[in-house]
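Chemist: Residue numbers (UniProt numbering), protein chains in the order written: chain A, 1 to 278; chain B, 1 to 278; chain C, 1 to 278; chain D, 1 to 278.
Keep in mind that the hints were calculated from the coordinates and are not lab data.
Identical copies carry no separate label here, and so any pair may be met within one copy or between two of them.
Derived EDC-like pairs (lysine to aspartate or glutamate); straight-line CA-CA distance at most 16 Å:
#, residue 1, residue 2
1, 171, 213
2, 171, 188
3, 171, 202
4, 139, 83
5, 234, 216
6, 171, 81
7, 16, 260
4 protein chains.
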Amino acid sequence: MAQAALRAGKHVWLEKPMALTLADAQSMADVAAAHPAQVTMLGYNYLRSPAFQAARALVTRGEIGDLLAFRGVYDEDYCADPDLAWSWRATLAQGGLGALGDLGCHLVSQMIALMGPVAEVTAQTQIAVPMRPSPEGPKAVENEDSAMALLRFASGAQGSFATSRVARGRKCRLQWEVHGSLGTICFDQENMNELWVHRANEAGFTRHLTGPEQPDFAAFCPAAGHNFGFNEQKVVEARDLVAAIHGGAHKGPDFATGLEIETIIHAMARSNGAAIRL
Amino acid sequence: MAQAALRAGKHVWLEKPMALTLADAQSMADVAAAHPAQVTMLGYNYLRSPAFQAARALVTRGEIGDLLAFRGVYDEDYCADPDLAWSWRATLAQGGLGALGDLGCHLVSQMIALMGPVAEVTAQTQIAVPMRPSPEGPKAVENEDSAMALLRFASGAQGSFATSRVARGRKCRLQWEVHGSLGTICFDQENMNELWVHRANEAGFTRHLTGPEQPDFAAFCPAAGHNFGFNEQKVVEARDLVAAIHGGAHKGPDFATGLEIETIIHAMARSNGAAIRL
Amino acid sequence: MAQAALRAGKHVWLEKPMALTLADAQSMADVAAAHPAQVTMLGYNYLRSPAFQAARALVTRGEIGDLLAFRGVYDEDYCADPDLAWSWRATLAQGGLGALGDLGCHLVSQMIALMGPVAEVTAQTQIAVPMRPSPEGPKAVENEDSAMALLRFASGAQGSFATSRVARGRKCRLQWEVHGSLGTICFDQENMNELWVHRANEAGFTRHLTGPEQPDFAAFCPAAGHNFGFNEQKVVEARDLVAAIHGGAHKGPDFATGLEIETIIHAMARSNGAAIRL
Amino acid sequence: MAQAALRAGKHVWLEKPMALTLADAQSMADVAAAHPAQVTMLGYNYLRSPAFQAARALVTRGEIGDLLAFRGVYDEDYCADPDLAWSWRATLAQGGLGALGDLGCHLVSQMIALMGPVAEVTAQTQIAVPMRPSPEGPKAVENEDSAMALLRFASGAQGSFATSRVARGRKCRLQWEVHGSLGTICFDQENMNELWVHRANEAGFTRHLTGPEQPDFAAFCPAAGHNFGFNEQKVVEARDLVAAIHGGAHKGPDFATGLEIETIIHAMARSNGAAIRL
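Use the sequences and the hints to build the structure in full.
Modeler: This is the structure we're talking about:
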């Protein structure tokens with residue numbers, strides 16, 4: 001559908017993940033590249049929160065120095081109950097990747113925005129609940145419930161990465177930290193209005209509450225501490241889409257970046273403990 | 001305007017505080033009482049957050065037993081800078097009460113929803129920055145920068161109450177705890193998606209993330225941990241207003257409750273350390 | 001015993017509270033004053049934690065400017081269970097004051113060290129569990145389970161104060177914040193190795209982990225973040241006692257300060273809502 | 001020295017890491033095995049905190065079900081400053097491993113106590129500050145500033161592991177979580193008196209404050225919330241040593257377990273991205 005829309009001269013705004021297979025993602029990115037006048041955008045909404053944008057700005061301005069390491073997780077528990085019924089989500093053909101496709105891709109979208117391109121991936125996956133009940137009896141789960149990875153970035157920095165859909169008690173734990181030579185930044189989407197920053201000359205970590213000094217907050221509220229919401233991320237995303245269509249800067253991620261994300265999570269899915277250079 | 005609208009047969013939705021003077025609030029409540037077919041509602045938006053509604057439900061269902069005590073603060077720092085220019089906000093005639101009128105009334109709205117009516121108030125106020133710069137030279141601040149109060153509720157429970165607009169580093173610290181004979185509930189609006197609950201038979205405080213099991217969340221998002229936002233409180237408020245107009249239950253606060261809130265904050269403002277029975 | 005020891009030429013180190021009655025405390029302070037060569041010290045151990053000492057140093061050095069307000073609580077739940085047996089602790093004759101004598105006095109010891117002398121007290125008390133079981137049947141509890149107070153300090157600053165021994169889920173919640181014209185300091189003994197500080201020019205509150213730059217920590221451990229313990233407070237107290245006996249500076253609190261603390265908590269106990277000038 | 005002491009019939013209590021090289025650790029374990037009547041113990045003090053022991057007991061009793069995953073870090077920042085002088089610690093011959101030998105081994109000690117034996121390790125290391133100043137000019141740092149690893153446990157569970165001595169703002173961040181099929185446990189040594197537990201039937205994570213219901217706390221204090229300290233871990237360790245010498249159960253870790261820890265960190269040090277089966 002996306003390719004047909006592009007060929008029909010339309011802009012395309014897609015939810016994530018971009019495609020069920022890496023081949024489809026590649027094909028979509030090719031068609032998008034062949035239609036440069038049309039805007040493509042992917043719904044990686046967590047890139048739009050003021051706190052995340054502020055974190056990226058800190059990194060870009062060099063405020064934490066050279067980047068040394070990234071550590072990130074995205075955990076939820078919506079598949080933790082073994083009695084949860086089998087569904088299409090559990091299939092490779094219709095669901096595609098599991099935790100990586102649903103959750104991990106979000107973490108990758110933030111990670112590459114903060115750290116730059118990934119050079120090498122080594123990963124393991126796990127199916128914690130191999131069979132799930134269905135009206136026809138137990139059926140096999142085909143995609144991963146969790147994944148863990150080691151990463152090397154093109155910059156030389158290191159990364160550790162984990163995602164799970166069976167992490168009891170976690171609801172939207174998209175949590176990461178960036179280690180720089182001059183400071184550290186920490187974030188957890190479950191408290192998406194807090195950014196924790198430490199700089200070399202400071203006593204400890206400082207809690208920055210989301211406020212009008214962070215990107216895109218002031219349009220929603222003039223006062224700090226008045227929480228930005230999950231859904232408002234989507235409002236910013238739509239604004240960015242419209243701005244790009246009207247000739248403004250494209251803030252991404254477009255299909256090219258989407259393909260970069262898919263390449264990383266599919267490498268994690270097939271690594272089985274071996275290093276894969278990207 | 002509100003009274004004219006009521007007399008003209010209109011429903012009235014007003015921001016808080018209800019009026020600059022207690023006499024005006026009384027008059028407005030009287031007019032509203034004389035027009036029972038029309039809906040009045042006040043914009044105490046913090047009553048609408050899913051976490052607050054869940055807290056009230058816990059109290060109402062008796063899950064923390066008999067209520068013993070309330071402890072609450074609402075602090076911000078928007079007047080902490082002594083170089084902030086004098087404005088109409090600093091006047092009794094145009095700004096009305098200070099921290100009590102802007103912030104404290106919100107805390108009262110939640111407090112009486114949780115604890116029931118207040119029987120007695122003893123309070124102190126303080127003007128931390130007595131003079132502020134203006135183009136004509138320094139001018140006097142007429143209303144309080146902060147207030148503290150002791151309360152007795154009609155139920156016999158105790159209360160401590162504080163509000164400040166000069167509390168350095170606080171942005172939306174509407175924070176309270178309710179002590180019951182069987183448990184304790186804690187909340188802080190700066191982390192409005194967390195409710196902390198302890199029950200007698202539990203090991204400690206449990207962090208409840210806002211989710212679809214809390215009132216009014218599911219209409220915004222199907223998954224817990226995906227943060228509800230400050231502005232979405234206002235959406236719920238508008239929905240409640242429309243529902244009341246269309247004959248549904250009035251979830252309050254109407255002008256009668258608004259008058260109750262005004263009575264309490266004006267008692268705090270004039271107490272000067274003496275107990276005032278309400 | 002303390003008076004006899006002083007008269008016998010001994011130094012005296014006493015646990016808190018100093019005495020069961022204010023008259024006894026007065027008498028003890030008088031005897032101590034008559035024996036100035038002998039050291040008296042009271043076991044207000046929470047004054048000795050590195051984090052508290054660091055907080056006091058920040059205040060003393062003027063780093064948060066002029067003091068505006070104090071807000072403090074000390075809550076535990078050891079009497080929350082109504083089936084807890086009646087004991088001597090519940091009597092005025094043998095237990096003395098209730099929550100004020102056991103917990104509140106600790107909070108006062110920190111409060112006056114931070115804020116200076118108290119000028120006026122207005123308080124309420126509450127007995128949440130009026131009767132407790134005993135082998136001879138239910139017996140009356142004579143002293144308060146909780147107390148709340150408003151305070152004016154000699155400096156003109158305001159204070160709010162609360163203590164409870166029936167606060168479900170609280171174990172050692174000696175928690176306070178000091179509001180200054182240039183900053184705010186927050187502390188909670190349940191996380192006694194954290195001090196939260198905000199200064200006017202900073203983005204938010206910074207978490208200071210206890211470390212060797214805080215008073216008296218380096219003698220226990222050379223590295224920050226390696227937690228100081230409750231019992232180690234007592235080690236510092238003993239060291240301070242020995243130092244005072246050997247002619248070093250007396251870091252307090254001696255019997256004179258103990259009497260100041262007793263005066264405040266007994267004023268709270270008898271206020272019954274009326275202002276008491278000290 | 002340790003081997004000579006064992007041969008001389010002495011019990012041996014050693015600080016960690018056990019040895020500079022894996023060969024030495026092997027030799028020490030061999031000598032210890034040849035002297036089974038003598039007690040050996042290693043100073044992995046973090047195993048002794050009441051919160052850690054409580055966590056291990058929860059796991060052992062099956063309260064979080066089958067173990068799925070471990071995620072742990074141990075970060076400090078004592079080498080983050082590039083101007084810190086070169087010292088023997090930076091050499092393989094005298095300092096041995098870097099972050100792995102100083103910090104990572106502690107995390108391994110807790111990890112295997114919680115998760116059981118490690119079957120496979122894949123790791124990367126990094127030297128963030130390759131040269132450090134010395135009186136003779138800049139000298140090379142030979143051992144790693146940080147390491148990250150993927151792990152497979154013998155049980156089939158997964159693990160992610162990271163340690164750094166250049167993590168700005170971290171002081172004693174020995175932090176981990178254990179994911180089970182029925183619950184999750186989280187811990188951070190910087191708040192060593194808190195254990196966070198979620199069980200399948202609960203609303204969220206509950207904060208368990210260290211108290212007398214946790215192992216070895218009651219001997220130090222009768223009341224929960226009165227913080228256990230870093231140094232008191234060492235007191236428990238010494239008590240365990242003496243108990244083992246006097247014929248009580250050996251709570252470990254002895255030289256055999258020490259060798260297991262060394263085997264893991266040395267595998268991490270030499271992996272260079274390749275999987276190593278243990």
